[in-house]
Structures are given as structure tokens and as C-alpha cells.
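**Q** Starting from the known structure of chain A, fit chain B onto it as the hints suggest.
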Amino acid sequence: MDQLERLQGDLSFVRGALDTSTRSKSPSALYFLWAAIILMGFALVDFQADLVPEYWAVAAPAGFFASAYLGWRHARRIGQASAADGRRHLLHWGAVLVVVALAALLGESRAMPSGTLHTVILLLLSLGYFTAGLHLDRSFLWVGLLMGAGSVVVTVVPLYAWTTVGIALAVSLTVAGMREGRSREATT
Amino acid sequence: MKRPLEVGSDELPLVELDDVLQHRARIGAAVLLARHDRLSFSRLKVLLQETDGNLGAQMRKLEDAGYVAVRKEFQNRRPVTWYGLTAKGKRALEQHLAGLERLIQQARRAPE
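Chain order of the listed sequences is A and B.
So for the first sequence, my numbering puts the first residue at 665; every next one is plus one.
So for the second sequence, my numbering puts the first residue at -19; every next one is plus one.
For the record, the hints were derived by calculation from the structure and aren't laboratory data.
Among the clues, some could well be false.
[Unchecked claim] In silico lysine to aspartate or glutamate, DMTMM-like type, Cα no more than 20 Å apart, as pairs: (1) A:Lys689 to B:Asp17; (2) B:Lys70 to A:Asp674; (3) A:Lys689 to A:Asp801; (4) B:Lys41 to A:Asp674; (5) B:Lys68 to B:Asp44; (6) B:Lys70 to B:Asp17; (7) B:Lys25 to A:Asp801; (8) B:Lys25 to A:Asp683; (9) B:Lys70 to B:Glu(-4); (10) B:Lys68 to B:Asp(-1); (11) B:Lys41 to B:Glu30; (12) B:Lys70 to A:Asp749.
In isolation and in its complexed conformation, chain B is listed as follows:
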């Protein structure tokens, strides 16, 4: 799942980032789920400003990677899909964010 990010400069060493979390909507969903225990599909859609189709596809990728758990239930006879971050997802997010932090620090140190 991890691969080095090519930053296009010899000055910057390669940093390992998680492929699954390299999409804006996917890392956004993971960060939001790390902060809140459970978020519904429609809440994620509003917060991440995504369309139904795109968010559905991105969440499926997180689900396939085992990073999020899905629970479907009915609220007032309407189906609601809830997402929660799994322990695996939490670990992956922590490592990914640490990698990003290193990358940005290195980029700041690198000469123009």
C-alpha cells in the first residue's frame, strides 16, 4: 500500500506515503473519522464537498483497504450509512500524516 512519493527534487529524500490516503477525499474522510467516532455518508458529503458518486467510490476504496467500517441503519424509514475508522485505518492515517509532516519539513529545509 505504501510507495515513495516523488517530489521532483534531488534535495528531498523519498518519503513513504500511503497510496490509499493520497486522495483529498480519502484523507479528508479518514481525518474526520479520526476526530469523530461516526459520520454518516451525507455528513461526509457536506463536509468534503463531494458528489454522491465520487464520495461513494472513495469510501469504497477506504473500505476495501480495511480502513473504515460501515454500518447501515434506518432512521425514520430512511437508510443511513455510517462510517467509522478501524484500528488499521487509524494506524495508517497516523503513519501517513507523520510521513507528510516529514516531507513538508524536508521541503522547507531544502534550498530553492
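For reference, chain A alone in the conformation it holds in the complex:
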């Protein structure tokens, strides 16, 4: 049975290698990019609310395309390219972008007051990040949970609630990005 044991050993080694390769990691730059976009966008709600729709109309799609580019560059840099993985990320974040844009239209059509709309968008983003954490990249899980908690904070705290939530999200994304960078250094 020596040969059989060797085969089982080989298969378990291969499974380990496969697990390591599929532990999907996003590039640190992507976390830092969204930390900056979110911090700026959330602070605008408190300080310059009239600019919020214009800001997100530009920043969200620009961030989406920049993220796609960063993901592609990262795949080439680490030497691991998977069209299926790329498609999954694009579909997930593309769907989040479309849903948020459609929700924003509700604000434009006055179907929803802007204060409520901002909270609804935060909840949608929370769901988007949380499901990304479940299915794509575990680091997004905590960001999603934090966003969910943030949607409660902005309805309860009267002053600078959006800025506070924005800072918390930016810090959590920055920390996640730094941890990502460190764990990659350890495995490459």
C-alpha cells in the first residue's frame, strides 16, 4: 500500500497548493483607492451635500474601472491569471455599481428623501461588501459589517455621522490593504 499512501500524500499536497492559489487576494492598492474614494465621498455628505451626486457619478465608475485595471495588473505581477476569477469580480462589483446607480435615480426622481437615500445606498454597499467577503475576498467581510453598523450610526448620530463612518471605513480598508500586502510578502 506504499504506493497508495504516496498517491494520497501527493493529492493532499496538490489540494494544499490549490487552496493557496485560490485564496483570492486583491491588490493592496485597490483597498487604498477605495479608502480614499469612500472617505472623500462620505465626508462630502456632511460638508458639501450638494456635490454628493456629482462626486459619486464620477468616482464610482472611475473607481470601478481603476479597480479592474489594478486587478489585471496584480494578476500579471503575481503570475496568476484566471479569466473566470476576473469575470466573477467584474460581475459582482458591476452589479453593485448598477444597483447603487439605480437607487441614486430614486433620489433624483424625488421618490426618496436624500437623507434616507444615502442610508439605503450605504446598506446596499454593506451587502455588496459583505457578499464579496463571503464569495471573493475574506477581507471585505469586516468592511461590509462595518458599513452595516455605519448605516445605523448615520441615523442615530446627529453631527458628522457620515464623516465618522467614512473615517472608520477608510481605516478598516487601509488596515485590510496593509495586511494583504504583508500576507502576500510572506507567501511569495
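**A** Frame of chain A; chain B shown alone:
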């Protein structure tokens, strides 16, 4: 390319496995390439924990069997070798894994 694996027991019928894929690094590379479209030599080296020389030799065997396709390119003026699994390699891997599965199932059924 295929030969029966001798498992050293009369209770276990012989199962056909692919010779080329019977090396840990080679089956590892084939499985990884089946999951990802393209992997660079250095990424494979990290994932399979192999040395340059050994991995190079194993990948050459996969290449000679027509199981992997190689593409060389320059990234930031540094040469990068990319590997991808061919249709032939994919078929061979599927058959090999099915053979392994049968073998392990039979071994589990066989009396001690």
C-alpha cells in the same frame, strides 16, 4: 503514456494511470493550470514549493507530452514564462484523476 499502477495487493484491480502525471510536481502543475488559465513559472515554483531546476525539468516533461503550452514574454524588461493547460492536457488530467478516484475507492473497499 498509460500503464497500470501496481498497488501491491491482489484485492485491488489494476487501474490505468497516466505516467506523465504520476509525479507530484507534474500533477500539481496540471491541477493548478486547470483551475487558473495561466500561471507563471515563478508562481508555480512558489505554489508547488519546487526548485528552479526541478520545476523546469518537470514542466518540460509536461510540455513534451503536449499537456501544457508555453508563452514567453517580457514584463518590465524581465522575461516571464507563462504556462497554460492544453485541451490534451485537460483530457489527460480528467482521466488520470478519475483513475485515481477509482483506485482510492477500491482501496477503501478492499479488506485490510
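**Q** The structure should be examined with respect to each hint, and the outcome stated for every one.
**A** Hint by hint, here is what the structure shows:
no.	hint	in the structure
1	A:Lys689 to B:Asp17	holds, 17 Å
2	B:Lys70 to A:Asp674	holds, 19 Å
3	A:Lys689 to A:Asp801	holds, 6 Å
4	B:Lys41 to A:Asp674	holds, 18 Å
5	B:Lys68 to B:Asp44	holds, 12 Å
6	B:Lys70 to B:Asp17	holds, 12 Å
7	B:Lys25 to A:Asp801	violated, 23 Å
8	B:Lys25 to A:Asp683	holds, 15 Å
9	B:Lys70 to B:Glu(-4)	holds, 17 Å
10	B:Lys68 to B:Asp(-1)	holds, 14 Å
11	B:Lys41 to B:Glu30	holds, 15 Å
12	B:Lys70 to A:Asp749	holds, 19 Å
Of the numbered hints listed earlier, the single one contradicted by the structure is hint 7.
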